[in-house]
Amino acid sequence: MSTDFPALPEDDAMPRRLGSLRLRLTVGVPLLTVLVVAVFEWSLGGYAVPADGIARTAWLVLLLSAAQLLLLEALLLRPLRRLAAGCEAMESAPVPLTPEDATPAPGLAAELDRIGHAMRRARGSLWQQDQDARELRRELTQQRLLLEQAQLALEANQRELASLARTDALTGIANPRAFDEALRREFKRAQRQRGLLALAVLDLDEFKQFNQQHGTAAGDAALQRVATLLNERLKRDTDVVARLGGEEFVALLPGFGMAEAQGVLELLREDLRALQLPDGQGRLTLSIGLAAASPAHPYLSAQALMQAADEALYVAKHAGRDRLSLAA
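The UniProt record's numbering puts the first residue of the sequence shown at 1, with every later residue one more than the last.
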């Protein structure tokens, strides 16, 4: 024998469940309120409740129960009824059976088209922005490489300018500025270490007549040959050879006294006399003034040593040229 109960129609199931829930809340809330109030009264004075306080307690329970039921009605039961009504409406709505029935309304279709068009335009804009960003990164990379190359070129130019600032443009040996720095440095070192320092001033004899006879280009070539000979003969790491200007040169010989420097310079003068100039343009001779600082013969300053060498050169020039003269 079957004990199955007949099922309620789907349309009545949700209202019946809500009615049952309301009934249970109506019964349960007052009972729970009575229990809470009794516990509260017991905590205050025990179970001995005066007769005149029963009415007050009853009214309190009634008011609390009514307030709770109203809150539950507003916060729980009404939203549940609206939800149930929405579900019933969805269940009772006709279901489209054919694709034609699923076609959106004309207004909705136009709106969907506009949304799709806007999305396509947004995708195109994002793609273009990505391409622009890639191009910008490539340009920045190229600019960074160009900047690095420019910086390297600038450093090379600065080194070249620094070299030019210390080098004679025609002969490639040191210029007066570089020589002055070397003279001050070596003079202080000789004073500090009580060492030797020789200084020679060299001047080509009658070089103006040579230029007038053979031309400026030949004179420049002769100066270059003289500078090369000086570098070849005075080639110690400490030796400094410079062109002071025109046909005048200077040699700084650290560690050499008067005798050692005189021997080296006499050989240099002989080598220059034997030097063959291009196209048979004759020969050149040197007049040299030599001064040397030593502990036995000190000088007060580097300028004083240079002046002594200049005075010795003046003596050599007026004594007939092509000779070496020693400072007093």
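Please note that the accuracy of each hint is not assured.
Straight-line C-alpha distance at most 20 Å; calculated SDA-like pairs for lysine to any residue [said to hold, decoys possible]: (1) Lys235 <-> Asp180; (2) Lys208 <-> Glu260; (3) Lys235 <-> Leu196; (4) Lys188 <-> Gly172; (5) Lys208 <-> Arg225; (6) Lys208 <-> Tyr314; (7) Lys208 <-> Gln307; (8) Lys188 <-> Ala304; (9) Lys188 <-> Asp239; (10) Lys235 <-> Glu260; (11) Lys317 <-> Thr238; (12) Lys208 <-> Lys317; (13) Lys235 <-> Glu266; (14) Lys317 <-> Ser301; (15) Lys208 <-> Ala304; (16) Lys188 <-> Gly116; (17) Lys208 <-> Leu196; (18) Lys235 <-> Arg166; (19) Lys235 <-> Lys208; (20) Lys208 <-> Ala218.
Hints are computed from structural coordinates only; laboratory data are not their basis.
These are the hints, each one checked on the structure:
Between the alpha carbons of Lys235 and Asp180 the distance comes to roughly 19 Å, so the proposed pair stays at or under 20 Å and holds. A distance of roughly 31 Å separates the Cα atoms of Lys208 and Glu260; the hinted pair therefore is violated under the 20 Å criterion. At most 20 Å may separate the alpha-carbon atoms for a hinted pair to count; Lys235 and Leu196 meet this at roughly 18 Å. About 26 Å separates the Cα atoms of Lys188 and Gly172, which puts this hinted pair outside 20 Å; it is violated.
Using a Cα cut-off of 20 Å, the hinted pair Lys208 and Arg225 holds, with the two alpha carbons roughly 17 Å apart. A hinted pair counts as satisfied when its Cα atoms are at most 20 Å apart, and Lys208 with Tyr314 qualifies at roughly 17 Å. Simply put, Lys208 and Gln307 have alpha-carbon atoms about 24 Å apart, too far for the 20 Å limit, and the pair is violated. Annotation: proposed proximity of Lys188 to Ala304 holds, straight-line Cα distance about 13 Å (limit 20 Å).
Of the supplied pair hints, the one linking Lys188 and Asp239 holds, its CA atoms being roughly 16 Å apart against a limit of 20 Å. Restraint check: the Cα-Cα separation between Lys235 and Glu260 comes to about 15 Å, which is no more than 20 Å; the hinted pair holds. Note on Lys317 and Thr238: the hinted pairing is violated, with a Cα-Cα distance of about 28 Å set against a maximum of 20 Å. Between Lys208 and Lys317 the CA atoms are separated by roughly 14 Å; this keeps the pair inside 20 Å, and the hint holds.
Proposed proximity of Lys235 and Glu266 is supported: the alpha carbons are some 16 Å apart, at most 20 Å. Distance restraint check for Lys317 and Ser301: the Cα-Cα separation of roughly 25 Å exceeds the 20 Å cut-off, and the hinted pair is therefore not satisfied. Between Lys208 and Ala304 the alpha-carbon distance is near 29 Å, which puts this suggested pair outside the 20 Å criterion. For the suggested pair Lys188 and Gly116, the alpha carbons sit about 88 Å apart, so the restraint of at most 20 Å is broken.
Straight-line distance between C-alpha atoms of Lys208 and Leu196 comes to about 35 Å, which puts the hinted pair past the 20 Å bound. At roughly 18 Å between alpha-carbon atoms, Lys235 and Arg166 fall within 20 Å of each other, so this suggested pair holds. Among the hinted pairs, Lys235 with Lys208 is inconsistent with the structure: their alpha-carbon atoms are about 29 Å apart, more than 20 Å. At roughly 12 Å between alpha-carbon atoms, Lys208 and Ala218 fall within 20 Å of each other, so this suggested pair holds.
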